[in-house]
Amino acid sequence: MKLSPFWRAYRRMVGSESRARLENRADFALIILGVAVTSLSTAATLYFMLGATGTIAGWHRGELIFMQGFMFCIFAPQSACYNSMFWLEHWLKTGAFLRFYTRPANPLLLLALERFHPQGFIVLMIGLAYCLFGLWGSPLLQEPMFYLGFVLLMPLSALVLWVINLAAISTCFWLGESHPVFMTTGKLVDMSRYPLDLFPKLATMIFMALPLAGTVWWPCQALLRDTSLPLTWLGMAVLAGICVAALNWMWRAGMRHYAGAGG
3 MKLSPFWRAY RRMVGSESRA RLENRADFAL IILGVAVTSL STAATLYFML GATGTIAGWH
63 RGELIFMQGF MFCIFAPQSA CYNSMFWLEH WLKTGAFLRF YTRPANPLLL LALERFHPQG
123 FIVLMIGLAY CLFGLWGSPL LQEPMFYLGF VLLMPLSALV LWVINLAAIS TCFWLGESHP
183 VFMTTGKLVD MSRYPLDLFP KLATMIFMAL PLAGTVWWPC QALLRDTSLP LTWLGMAVLA
243 GICVAALNWM WRAGMRHYAG AGG
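Sequential numbering from 3 applies to the sequence shown in this note's numbering.
Everything labelled a hint here was simulated from the structure, so no lab data went into it.
Glycine is no exception: its CB is placed at the ideal position from the N, C-alpha and C atoms.
Mixed in with the good hints there might be a few duds.
Just the calculated beta-carbon pair ranges, DEER-fashion [stated by the list, open to error]: (1) 236 with 130: 23 to 31 Å; (2) 243 with 190: 17 to 25 Å; (3) 202 with 98: 22 to 30 Å; (4) 138 with 254: 23 to 31 Å; (5) 243 with 140: 15 to 23 Å; (6) 14 with 190: 24 to 32 Å.
Model the full structure from these sequences, guided by the hints.
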């Protein structure tokens, strides 16, 4: 299949970015080591914390580890393609953001195409390893519907997670600095990797409203429990569509505010 000039150029950009990152092998190795160590420590904590029973509130340690892996999987696209979103605040302050006004494309798409980092593949592999380890020996791995559900729900969950994180970053249009909001959101995202029925009712309602339940909780209910897969997929598709529309509105409102304030 012949690619358009745009996608050929993007493919060259991905190749050059990857080669540049991999040239500094020590830096890339430290990134991989950091991701691996933190992820393994989380898995070990979960595995040993549950003790001999291996369960907490009806959730088996393997299911909890699978939920951790699912979060890694849905974060992988953002880790690879949306690394440049962390530069948004700097670009607004230096005026470099003005180039987004002059390009005939949606700025959210431009942000995805701005940079590429191969660490996304590492995050995805770690996530899949988590998922496989968590369900090793489970009859779910013998069911084709499980794999179908995983493939259908993972992109929608990744989209919801991307919206939540980018919305937190986009607050710098109004606040000047996004770090406090993004760090708070990051802590909540980390907590959403666990079953929401472990939290008090008020905390669960907050997760539902943000809507952090669409990242791990609802998909894993369909994958690990008896929740209807078609209804969950339909609900996740609607949620993802609403989230993207809201983010697009927020982004354009932020651009108008930035332009109106003279940068």
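Each hint, compared with the structure:
1. 236 with 130: 23 to 31 Å: Given about 25 Å between the Cβ atoms, the range holds.
2. 243 with 190: 17 to 25 Å: Check passed, 22 Å falls within 17 to 25 Å.
3. 202 with 98: 22 to 30 Å: Hint violated: Cβ distance 44 Å, outside 22 to 30 Å.
4. 138 with 254: 23 to 31 Å: violated, 46 Å
5. 243 with 140: 15 to 23 Å: violated, 32 Å
6. 14 with 190: 24 to 32 Å: violated, 38 Å
Of the numbered hints given earlier, the model fails hints 3, 4, 5, 6; all others are met.
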